[in-house]
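Trainee: In case you want the letters, here they are:
2 protein chains.
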Amino acid sequence: MKLQVAMDVLTTEDALALAGKVAPHVDIIELGTPLIKAEGLRAITAIKKAHPDKIVFADLKTMDAGELEADIAFSAGADLVTVLGTAGDSTIVGAVTAATKHGKGIVVDLIGVADKVTRAREVIALGAEFVEMHAGLDEQAEEGFTFQTLLDDGETAAVSFSVAGGVNVSTIAAVQRAGATVAVAGGAIYGADDPAAAAAELRAAIV
Amino acid sequence: MKLQVAMDVLTTEDALALAGKVAPHVDIIELGTPLIKAEGLRAITAIKKAHPDKIVFADLKTMDAGELEADIAFSAGADLVTVLGTAGDSTIVGAVTAATKHGKGIVVDLIGVADKVTRAREVIALGAEFVEMHAGLDEQAEEGFTFQTLLDDGETAAVSFSVAGGVNVSTIAAVQRAGATVAVAGGAIYGADDPAAAAAELRAAIV
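Chain order of the listed sequences is A and B. Using this note's numbering, you'd call the opening residue of the first sequence number 1 and step up by one each time. Using this note's numbering, you'd call the opening residue of the second sequence number 1 and step up by one each time.
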C-alpha cells in the first residue's frame, strides 16, 4: 500500500516546505484543491520540479471540461489528476483521453456520490486508474460520518481504491486490511507538530 | 435580466483582453473554472481591479471546504462564487457563511444534479443567492441534450436562477421568457470573431 500526503495548504511556499519535510516518507504528494485554486498550475510545476522522483497528484476535482483540465495539469507536471465521481461520464472519458495522451492517470474522487460501489465500478470501466473513497473535510464534520463505511465500500467494489478522510496512525492498519492501494493522510501529517515524524510513523504502520 | 460573460480562456492576459472588449455590454464577468485552476486567485484580483464596477463571478465549482474556498475567492475580489449542487449541504452552508462575512453571494451550479428543481429549492433555503441551471461543456456535446429542459427546470423551481450552456442570440429571448435572473453566454461571445459585437447583440436581444 502506498502512502499519499494531501497538502491542504494555500501557498506554493508552504507546499514546498511541507513536501520537503515529508517526501522521504511518502510515495505520492498531493496538491489539494484549494491550493491549486489559490496558486494555479505553477504550484504543480514547482512541486514536480522539487520532487521529480515522487508521484505528483493534482486534486483538480474536475466537474466539466475533463479533457482540457486534465491536459493542462499533466502538462504542468502532474502524474495523477482527479475528476469528480458526480461528473458526467463524458467528462471522465475526456480526462482519461488526456491521461492516455500523456501516459499518466486519472483518479475519480467519489466524494458526494451516494452509491460509491456502483460508481467505482463504472468509472474504472471508463478507464480511471483508481477511485478515491473519500469523505470531504465538511463531510467528516457531519453527524453520522463513519470511516468504516469508506473501507467497506472499497472492499465491496473490488476495484483499485484509495482511502481519504480520517486516515491516521490508529486507522491506517484497517485501511490496509480493507485492501486499499493508497492511504491518503492530510491533517494527520500537516496538522502534526512534526510532519516528518508523523509521516514516518504512518509509513512504519504499513506492513 | 442581467447578462453574464463566461470567460473560458486559460490565461489572465487573455481574460483581461476579453473582458476589456465586452465589459461595456455585460453586467457580470465570469472567470471560468479552468482559468482559475490555471492562474489561481490572482486572475480574480486582476479582473476586479480592471473592472471594479462589474460583478466579478468566480466559477470555483467548490465540492468541499466550502467556507475556505469561498473565503479566499471573496478576499481576492470576487463578488459571486459558485459551489456545486452535488456538494453536501454542509459545504454549501460553509460557503454561505463566508459570503455573509464578506457581504457577497454564493451561486449554486446545478451541473450534474439529476433533480435540479428539488435541489434548487433546497440550496436557496440554505442561503444561496441564485442557482445556475447549467449544462456543462461536456454535457452539451452529449446526445439527447436539450436546452429547453434547463429553462423548464428554472421556471418550475420558481427561485432566482441563471441559465448557462447554450445561450446565444437565437435562444436568449426564451431564457428571458422563462424568467431567468441572469443569462450566461460563453462560446457565443468568446468564440465570436468580434466578441464586443456579439455581447452587444446579446444585450440588445434582452427586452
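In case anyone wonders, no lab produced these hints; they're calculated from the structure. Keep in mind that a hint or two might mislead.
[As the list claims (entries may be wrong)] Here are the simulated distance ranges between beta carbons: (1) B:I206 to A:D89: 33 to 39 Å; (2) B:D53 to A:Q176: 53 to 59 Å; (3) A:A50 to B:A173: 51 to 57 Å; (4) A:G179 to B:S170: 51 to 57 Å; (5) B:K2 to A:P24: 51 to 57 Å.
[Said to hold, decoys possible] Partner residues are not named here, just some residues of chain A that face chain B (Cβ under 10 Å, in silico): (6) I36; (7) E39; (8) A58; (9) L84; (10) G94.
Everything numeric in this text was worked out from a predicted model, so none of it was measured. Positions of the beta carbon are idealized from the N, C-alpha and C atoms, including for glycine.
Trainee: Hint by hint, which ones does this structure get wrong, listed from lowest number up?
Mentor: none
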